[in-house]
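Protein sequence lines, in the order shown, are assigned to chains D and C. Here the first sequence is numbered in my numbering, starting from 1 and rising by one per residue. Here the second sequence is numbered in my numbering, starting from 228 and rising by one per residue.
Calculated from the structure, these hints are not laboratory results. There could be a bad hint or two in this list.
To be verified - Below, a list of computed lysine-lysine pairs in the DSS-like style, where the Cα atoms sit at most 27 angstroms apart: (1) 155/D x 287/C; (2) 124/D x 475/C; (3) 124/D x 482/C; (4) 389/C x 101/D.
Each chain, letter by letter, is given below.
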Amino acid sequence: MNVPVLQADIIKGGYQDTEVVRDITLNVFPGELVGLLGPNGAGKSTTIKSLLGILPTFEGSIHIEDYAYIPERPIYYEGWTLYEHFTFLFSTLAEPFPEEKVEALLQEFGLYDVRHHYPERFSKGMQQKGMILLSLLRKPDVYIIDEPFMGLDPKAVKRFLTMVKEEQQRGAGVLMSTHVLDTAEKICDRFILMREGKIIASGTMEEIRKASGLSDASLFDCFDALT
Amino acid sequence: MNGKKLFSERWKEEKRYQKEVIRGVVDLVTFLYILGPLLFIIPYIYIELWHMPSLYWSEKLPITFLLLLLVAAGAGSIRFYVQEADKVFLLQVKSVIADMKRQGAVVALGFIILKSLLLTAAVLPILYHFYDYSMRDAALIVGWLSMYGWLVAMVRLTVSGKWRMKFVHAFFVLLFMLNVQVLMNPFIFLAEGAVVLGVTWMFFKYSVRSTGKLDAEIEEERRERHRYLGLIFQASMETDTAAAPGGKRPWFYRKSGRMFSSESSSIYLLEGLFKAFLRRREWVIGYLQILGLCMLGVLLLPVWAKFLMLLVGLLFLLSWTRYIFEQLLTSPFFFVVPFREEEEGVVWKNFRNTLFGVAALLLCVEMGVLLFGV
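Start from the sequences, fold in the hints, and give me the full structure.
This is the structure in structure tokens:
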């Protein structure tokens, strides 16, 4: 039987005095790419924080073993060069550092020349590329990705999507929050639409169309109708 | 609003802000028990400095050292209170920015002269008793110190490039030292003063109109505005105080090289923490300051107080090291790539043994040398 790599049942989650998300149930299965969609303030980032276990107020259960997280705003360790982030990553995986592979990827993403620089000084797009590489090299069971396309150039987006596809083929599950609906429609297997902290529709493209009452409509139109 | 009026408004607002910052720290108790007595004692110390200067200074110390202290305290900067939002509005009316710079320059000149006067007056007893400087010489020092401070202030608004700035600064320091130690002559002062006047005229006519360095000027303003606040945060262990490392790439281990040869994950984490520590100037300076103060205390205090100083210093250093360690581990990056929590204990032990251990060893060796002469 197919066992989900991510299973969440969030009864409520939020901050000190505010409850932001409620009654969220979601599963991600191996090899599946699930799009987490919703307008600004719908609770997507709070849902992701619930999954990571970094919300001050949380009630519910999360089952997630080995995950990699790509945040919306790239997070680096102040005082480390980009390259040192990679060496640290592999030390935590107890794997020998694959120098040639890392350098080839850095070359491919246009980060090779700045590998010994502080990533905090990079442009937003370059920071995001570094973050994506750090996560993809981990080879976890599931990826939690928050707005990955922000600041990425088209070439990097294409390479990123190819790498995500390869990871899906390896059996990794992906939960991806995004506003880029055209791309999401093309790559996601299932969708979860959120509004005001709740799931308002979920399922495949067909099921979303049915929920919105718009047969043959694009995800963009369904999103508009449902939210 | 014209530049003069805007400058005046911003200047008043800045004074209000700095007053609030200082009032946040200096409450009535602090004033009564620390600042008040200090203000009361300073005139007595100054009088004593005139009567018994050997209590405060040694004739063995070269005058170069004193002049370097003077010159380090004497540099000035021109503030014209430009803000981030000005990029949107004032860039379209450059004459307003130029006006603000002119006003700022005049105010800065006043402060630089005042500061030079006070600094020279403070060291006057030493200059007079130990190095045979007369009142006329002291007046020349005030003049040269003012010119030095003024030139540095103008250069900061004109010259770009960190290294070029350092070079020009070093040149002015050398010129000041040369003037005071070798060329103590009113005619040379007048000749140099004429050159400075010419430079000033050029500055007021041309440099103030330039907006090419506006981003850097806004950043400098932000730094100046938060200078006292920064000092307060720096002294506080309750807030995260270290600024991000400067520059595009590190000074230490520029090519991301390894510090240790071990491949174990705990050593990688330890190495990462050490690198992050060594690359944050504020922390390294803080560590050296604490260690330096403890060593100075042990050196100067009577024997019973040496032991007290050693004990208090070591306890403080230990708690400071722990604080830094915790700060280093609270990075949100560890949500992206978590470290193994079970390794925290081992890493802390190694981190403590190195940072605290080195300081403790130095202090104990100093104590041993002072007590037993070994």
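To see whether the hints hold, each was checked on the structure:
no. : hint          : result
1   : 155/D x 287/C : violated (69 angstroms)
2   : 124/D x 475/C : holds (15 angstroms)
3   : 124/D x 482/C : holds (23 angstroms)
4   : 389/C x 101/D : violated (37 angstroms)
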